[in-house]
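**Student:** Note that the protein sequences, when read in sequence, are chains A and B.
My numbering puts the first sequence at residues 1 to 333.
My numbering puts the second sequence at residues 1 to 289.
Check the hints yourself; a few may be wrong.
Claimed, not checked - Calculated cross-link-like contacts (lysine to any residue; reagent style SDA-like; alpha-carbon spacing at most 20 Å): (1) A:Lys-94 / B:Glu-189; (2) B:Lys-285 / A:Ser-91; (3) A:Lys-94 / B:Phe-199; (4) A:Lys-94 / B:Leu-171; (5) A:Lys-74 / B:Glu-186; (6) A:Lys-101 / B:Lys-285; (7) A:Lys-94 / B:Val-266; (8) A:Lys-74 / B:Pro-205; (9) A:Lys-101 / B:Pro-205; (10) A:Lys-101 / B:Ile-200; (11) A:Lys-101 / B:Tyr-201.
Claimed, not checked - Label pairs and their calculated CB-CB ranges: (12) A:Asp-202 / B:Arg-104: 49 to 55 Å; (13) B:Asp-96 / A:Ser-177: 52 to 58 Å; (14) A:Ser-135 / B:Ser-182: 32 to 38 Å; (15) A:Gly-14 / B:Val-117: 43 to 49 Å; (16) B:Trp-195 / A:Thr-119: 31 to 37 Å; (17) A:Glu-17 / B:Pro-110: 41 to 47 Å; (18) B:Leu-88 / A:Glu-107: 32 to 38 Å.
Hints are computed from structural coordinates only; laboratory data are not their basis.
Keep in mind the model is a prediction, meaning the values are calculated, not measured.
In this text, a Cβ means the ideal position worked out from N, Cα and C, and glycines have one as well.
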Amino acid sequence: MGNITLENVAKRFGEVEVIPPLDLNIEDGEFVVFVGPSGCGKSTLLRLIAGLEDVSGGRILIDGQDATEASPAKRGLAMVFQSYALYPHMSVRKNIAFPMKMAGMPEDEQKRRIDAAATALNLTDYLDRRPGQLSGGQRQRVAIGRAIVREPSAFLFDEPLSNLDAALRVGMRLEISELHNRLKTTMIYVTHDQVEAMTMADKIVVLQAGRIEQVGSPMELYRNPRNVFVAGFIGSPKMNLLTGPTAAEFGAETIGIRPEHIGVSTESGKWKGRIGVSEHLGSDTFFYVEGTGIADAITVRADGEIDLYHGDDIWLTPQEDKLHRFGKDGNRI
Amino acid sequence: MATQRAHKAARLMISPSVILLLAWMIIPLGTTIYFSFLRYNILTPPPSWTGVENYTYFLTDPAFIPALVNTLVLVLGVLIITTVGGILLALLLNMDFWGQGIVRILVISPFFVMPTVSALVWKNMFMHPVNGLFAHLFRAVGLQPVDFLSTMPLLSIIIMVAWAWLPFATLILLTALQSLDSEQMEAAEMDGAGWLSRFIYLTLPHLTRSITVVVLIQTIFLLAVFAEIYVTTAGGPGYASTNIPFFIYNLSLKQFDAGMGAAGGVIAVIIANIVAFFLMRAVGKNLEL
Ligand SMILES: Nc1ncnc2c1ncn2[C@@H]1O[C@H](COP(=O)(O)OP(=O)(O)O)[C@@H](O)[C@H]1O
Ligand SMILES: [Mg+2]
């Protein structure tokens, strides 16, 4: 079981309110991603759930039990830290065994679980090395191994991939998703990278300045962003946000159109502009179109084989049914 | 500096300083060894060759063995007090509390007090059987004051020296503690490790290197403790607080016997090297990692 409920949970550091009171429910077995820009309070929220910080108000329920005052060890949660936080003078085996040793588990059970975790995480050959002798990805796996063996009711990850290089990050992302599919344990995953959020989450929680902007499945957030912030944050490349007369034309303060929802043509269209930067990725082509008179630059996605380059004239036509309209307060109309 | 050429150039460049340092060390050592084979009293020159007589005189003196034992007890005692006390103090000082800055400076300050001064303060203001603070305290609770320096001279000296060296140990260990990753501590907390387990499995291993440094550096200085003994017990009563440096001083320099002093110096160097050998065997492996 790993049902976690936050009721009116708030956090202040001295005078500064980092997290205004918020409610959140995390179902058993869900993969929940907290996403938001740096400094928005994601780590703080995770640490509140872990019990590493005291709440300034509200209650935290784990499996229906009030865990607000419970010590971190008593909550039955396991955390994977951004710095991995491995114990540097212990071998990989001892690192993984540490939580079981602290729990006073019998040696043979410890050994069984270490072997199982090592096999699952490809660490069998490294069990007797120290963390300092491992690569970043291997350290990450050890940290995950140390979390798995406890068989926690939920896993907490704080930006676990941000210290890895791009290729490794994609690989580890898959491994964590597979782990979730296999264990079916609740996972709460913190990241500032919306791609990680979109690819891994069952449920995304978008945070800004400690407030929850929107909660929903990746596609819900993609299709129906509740406000300008979520619209700009979810999706890659970012949604084009247009203001002024262009938006007024659609009866909105701001309109948003995703790069993939704009048609391109060399002959005719709604907006005319010139290609600034063109990025040919093979599968797709991204153009940053300037001189349209409606925004500094409009990002559009075109076919991978398209034969247009920097300096070429281009016509853009938004798909009107994919247009997002936002009012004065920034909320969706 | 990976290529052959760079290595050669580097060696050439540092050779003057290496040669100078070598001469700096070898010449006085050579002179000392030479003098140690001479009968050479400054009051009755000229010096004459006597062979190993100075050494036999030293090693057969009834005070030699007690002095050797006292030296080791002194070094060990101070090491134990300062490392254990240093760890505890560092743990305390590493916490957040009001007036942290001032308290830290206060804790460090004994290190800046000269040994003679601190010994005199201890002798006259704390341990004095009539006027000392301890005597007052003893009387206040109705006990007979103790004359520390005559009933437990070596222990008294150990306390004085430990007091002077505690700040050093604390300072080094505190800086090490401050570099302990807080996420590791939190991870251990989540792993269910209590306060004591975290100390044993994380803090202590993290501190081993600094503890080694503290032990090695202090040993060098503790083998040579002199001023504290000179101004308080003068090595007595009997040989109860005589250590090797004080023993050498008593036997040679007090008699203006340069030959004997040189022999004592050589013996001290040998003892220091033996201690260093065992010490490096015991803790040296902590230094590389
Ligand atoms: N221990 C602390 N004391 C004071 N302010 C803190 C502390 N920890 C975090 N903060 C502040 O809380 C805000 C949120 O921090 P954090 O949760 O780490 O953000 P994120 O993980 O989303 O980047 C930041 O503005 C940060 O400065
Ligand atoms: Mg963070």
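**Student:** All hints are to be evaluated individually against the structure, with a verdict given for each.
**Tutor:** Hints and how they fare:
With a CA separation close to 16 Å, the supplied pair Lys-94 of chain A and Glu-189 of chain B stays within the 20 Å bound. Under the criterion of a C-alpha separation no larger than 20 Å, the hint pairing Lys-285 of chain B with Ser-91 of chain A is consistent with the structure, at around 18 Å. About 16 Å separates the Cα atoms of Lys-94 of chain A and Phe-199 of chain B, which keeps this hinted pair within 20 Å; it holds. The hinted pair formed by Lys-94 of chain A and Leu-171 of chain B fails the criterion: a straight-line CA distance of about 31 Å is larger than 20 Å.
Distance restraint check for Lys-74 of chain A and Glu-186 of chain B: the Cα-Cα separation of roughly 14 Å lies within the 20 Å cut-off, and the hinted pair is therefore satisfied. For the proposed pair Lys-101 of chain A and Lys-285 of chain B, the alpha carbon gap of about 27 Å is over 20 Å, so the pair is violated. With a C-alpha separation of about 48 Å, the suggested pairing of Lys-94 of chain A with Val-266 of chain B is violated against the 20 Å cut-off. As the CA atoms of Lys-74 of chain A and Pro-205 of chain B are separated by approximately 26 Å, the hinted pair breaks the 20 Å bound.
As the CA atoms of Lys-101 of chain A and Pro-205 of chain B are separated by approximately 17 Å, the hinted pair is consistent with the 20 Å bound. For the hint linking Lys-101 of chain A to Ile-200 of chain B, the alpha-carbon distance of about 13 Å falls within 20 Å, and the restraint holds. For the hint pairing Lys-101 of chain A with Tyr-201 of chain B, the CA-to-CA distance comes to about 11 Å; that is within 20 Å, so the pair holds. Separated by about 50 Å at the C-beta atoms, Asp-202 of chain A and Arg-104 of chain B satisfy the suggested range of 49 to 55 Å.
Here the CB-CB span from Asp-96 of chain B to Ser-177 of chain A is close to 40 Å, at odds with the stated 52 to 58 Å. Between Ser-135 of chain A and Ser-182 of chain B, the C-beta spacing of about 24 Å breaks the proposed range 32 to 38 Å. Separation of Gly-14 of chain A from Val-117 of chain B is about 44 Å and conforms to the stated range, judged on CB atoms against 43 to 49 Å. Checked against the hint of 31 to 37 Å, the pair Trp-195 of chain B and Thr-119 of chain A passes, with Cβ atoms roughly 34 Å apart.
About 45 Å separates the C-beta atoms of Glu-17 of chain A and Pro-110 of chain B, a value consistent with the hinted range of 41 to 47 Å. Take Leu-88 of chain B and Glu-107 of chain A: their Cβ atoms lie about 33 Å apart, and the range 32 to 38 Å holds.
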